Amino acid sequence: MEAADRRRLLGEMVFARRFEERCAEAYHHRDIGGFLHLYPGQEACAFGVQERARPAYDYVITGYRDHVHAIKSGTDPKAVMAELFARETGCSRGRGGSMHLFDAANKFMGGYALVGEPFPLALGLAKGIQLQGTDQIAVCFLGEGADNQGTFHETMNMAQLWELPVLFVCENNLYAIGTSLERSTPVHDQYKRVQAYAMEASQTDGQDVDTVMASADQAIEHVRQGHGPYFLELMTYRLRGHSMSDSGRGYRSEDEIKEWMERDPIYLFRDRLIAEGILTEAEFEEMDQGAQQRIDDEIIPFAEESPEPDINELTRYVLDDDPGPALGRVNEGGK
Amino acid sequence: MAQAFYWDALRRAHDEELANDPLVFAIGEDIGLPGGTYKATQGLFEKYGEHRVIDAPISENSYTGLGTGASMTGCRPIIEIMSVNFALLATDQIINAAAKIRYMSGGQVACPIVIRSPGGVAHQLGAQHSGRLEKVFAGTSGLRVVTPAFPADAYAMLKTAVRCNDPVVILEHEAIYNLKGEVPDEEHFAPLEGAQVVREGSDVTLIGYLMSTHWNLAAADKLAEAGISAEVIDLRALKPIDGETIRASLAKTHKAVIATEDEAPVGMSAEIMAVINEQCFFELDGPPVRVTAEDVPVPYNEKLERAAIPDADRVAGATRKLLGSS
Ligand SMILES: Cc1ncc(C[n+]2csc(CCOP(=O)(O)OP(=O)(O)O)c2C)c(N)n1
Ligand SMILES: [Mg+2]
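Protein sequence lines, in the order shown, are assigned to chains U and S.
Going by my numbering, the first residue of the first sequence is number -1, and it counts up by one from there.
Going by my numbering, the first residue of the second sequence is number 348, and it counts up by one from there.
So that you can see chain U by itself, here it is in the shape it has in the complex (with noise of 0.2 Å):
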């Protein structure tokens, strides 16, 4: 990777985590409402993954937690955070809220709140894409937590049985809000589970966007030339609670805590930048300044001066807006 993108990529992170933190900001001042799930920790999972797959061609889709994957999908932030503060102009139009982003544009197809019911989906899209033709792949990103669900067995199963291209990437934070990985399942290995079902499957350190990347594209090589699924679990933290309601503490000790810290994503990467003499501190700080004054300046000011859902469209989307399809107006001899 050249020394300008790895520059770049770090960037994007840096971006994503003080995104993320003036999120919890704007929720103190309640201009963002209801459940809030946040990434810091995290970030060289999306990022590592993402990076590599491409962007705004292959589908992604993912749980709650879903703000930078759609960020790194190609949506704008400022459509992200208009979303947020449930204005039109979000990416979801004011109707989906933090846990539904979509940009079908930029084949993001999602945020979900039922955990495990992403997986279904992602297979969907991966049949799509066996129909269509392309030599696209799904990605599905989801936490460890939600592999304890049928929708994970019976997904693994059938992506197996037909050889989708799917790119299952488990986010292993070894908590689903306060139980922890050892408290719900006898098999700690995420990997493990899926080669129950003869799918590949291999286990990586999340903090480093390195490994990360050199795990994802191994993965997204398997997936892309036809050897069906893949199933990448990535061992990683995060830093918040689960979401503004959970201080993150109580079922976490301090020296846990601590430690993750110690391996944050963003330090680690900066620090061999530097080790690396492509990037010096100085320049960090530069770029960090830089995030917070773009987040500031332009993307805060964006969503709040955008205006909000029109009360008389409260109905629209729920069906197609046109209804002749339904009526049985069907233009013969077209699709």
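Hints were generated in silico from the structure; no laboratory data involved.
On a predicted model such as this, the values are computed, not experimentally measured, just so you know.
Every residue, glycine too, gets a C-beta built ideally from N, C-alpha and C.
Check each hint, because a few of them may be wrong.
To be verified - Over 12 Å on every C-beta distance to chain S, these chain U residues come out as not near it, computed from the model:
(1) His151
(2) Ala194
(3) Glu281
Stated by the list, open to error - With a straight-line cut-off of 20 Å between C-alpha atoms, the simulated SDA-like cross-links for lysine to any residue are:
(4) Lys586(S) <-> Arg327(U)
(5) Lys586(S) <-> Val316(U)
(6) Lys586(S) <-> Pro53(U)
(7) Lys586(S) <-> Asp319(U)
(8) Lys586(S) <-> Glu306(U)
(9) Lys586(S) <-> Asp215(U)
(10) Lys586(S) <-> Leu312(U)
(11) Lys394(S) <-> Leu129(U)
(12) Lys586(S) <-> Asp320(U)
(13) Lys586(S) <-> Gly326(U)
Since chain U is already given, all that's left is putting chain S with the ligands on it; use the hints.
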């Protein structure tokens, strides 16, 4: 115009839609190589191949989700769920996902899936194979729900459902697949909205759908012998319900009998009554009457089973009582 079995009308619609668009596919348990529990896809595995007529493992929720995900990329899946009782396992994908994705995405992502599933009481299948779950789907924003009662509707509504850009639930009936009826030879499409007057009359309006439409038609015959002229409305769509066709009929008859195969509590009859109350109140001579299943899991014993579910006699009896006392 040819006579066709209900199942064969469905098979023809599948065949035409698979031929029309390479992104149409069918998925369900035993629908491919085995030819389909109800023969609705018979011969199509051989014709279109295993990638488009797919035998799914017994994973209702996840193969329904597979269909939804594929629909988000432009495919038009027809998902068969062997029994509506099993569709309960798929309600996360149907109700939490497919029904809400267009809305949650602010109109960006459509989910043009078709889910076909039979329900109702057939013959001593027991409590777990006799569910009538229309209330579950007809109460969900973002879905269309239709109930073709005749072979012609089964054909033409399935075809429209495939072309429709909304998720469509087609509720079929275990005991109707072998019904024979006229199906026009030329390709055609029926709307997924709008009730139909399937028998004209002037004294009373019998309202039903799917199996209860057949009871109502038989009841109308019996009532005719007693000199009562009953109009029969087949709702055809449960979401949305066509209140206008009901109103037009009640403007003539002023009396309504609602027959449903499901239980009364929070059931379709309650919704139909509410529609009448809101849209047709001033057309009525007196309160509408409903004939529904008993509030009981459907028993295995044949006598008990028959007692649990209405039939033509019970509809005719309730109608006579309504007319006698009004
Ligand atoms: C079906 C379902 N059950 C429960 C919940 C409540 N819930 C939300 S997130 C969560 C934990 C999920 O943990 P994991 O999959 O590891 O993801 P993480 O939040 O750690 O990224 C739970 C139980 C839900 N949203 N959906
Ligand atoms: Mg977790």
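Each hint, compared with the structure:
Non-interface call for His151(U) relative to chain S: violated, since the shortest CB-CB distance, roughly 8 Å, does not exceed 12 Å. For Ala194(U), the shortest C-beta to C-beta distance to chain S comes to about 14 Å, beyond the 12 Å cut-off, and the non-interface label holds. Its beta-carbon lying about 38 Å from the closest one in chain S, Glu281(U) satisfies the requirement of being farther than 12 Å from that chain. Pair hint Lys586(S) plus Arg327(U) holds up; C-alpha atoms about 19 Å apart against a cutoff of 20 Å.
Straight-line distance between C-alpha atoms of Lys586(S) and Val316(U) comes to about 13 Å, which keeps the hinted pair within the 20 Å bound. Restraint check: the Cα-Cα separation between Lys586(S) and Pro53(U) comes to about 39 Å, which exceeds 20 Å; the hinted pair is violated. Among the hinted pairs, Lys586(S) with Asp319(U) is consistent with the structure: their alpha-carbon atoms are about 16 Å apart, no more than 20 Å. Under the criterion of a C-alpha separation no larger than 20 Å, the hint pairing Lys586(S) with Glu306(U) is inconsistent with the structure, at around 30 Å.
Restraint check: the Cα-Cα separation between Lys586(S) and Asp215(U) comes to about 48 Å, which exceeds 20 Å; the hinted pair is violated. Between the alpha carbons of Lys586(S) and Leu312(U) the distance comes to roughly 19 Å, so the proposed pair stays at or under 20 Å and holds. A threshold of 20 Å between alpha carbons decides the hint, and for Lys394(S) with Leu129(U) the separation of about 16 Å falls inside it, so the pair holds. For the hint linking Lys586(S) to Asp320(U), the alpha-carbon distance of about 17 Å falls within 20 Å, and the restraint holds.
Proposed proximity of Lys586(S) and Gly326(U) is supported: the alpha carbons are some 16 Å apart, at most 20 Å.
Hint check: violations occur at hints 1, 6, 8, 9; the rest are consistent with the structure.
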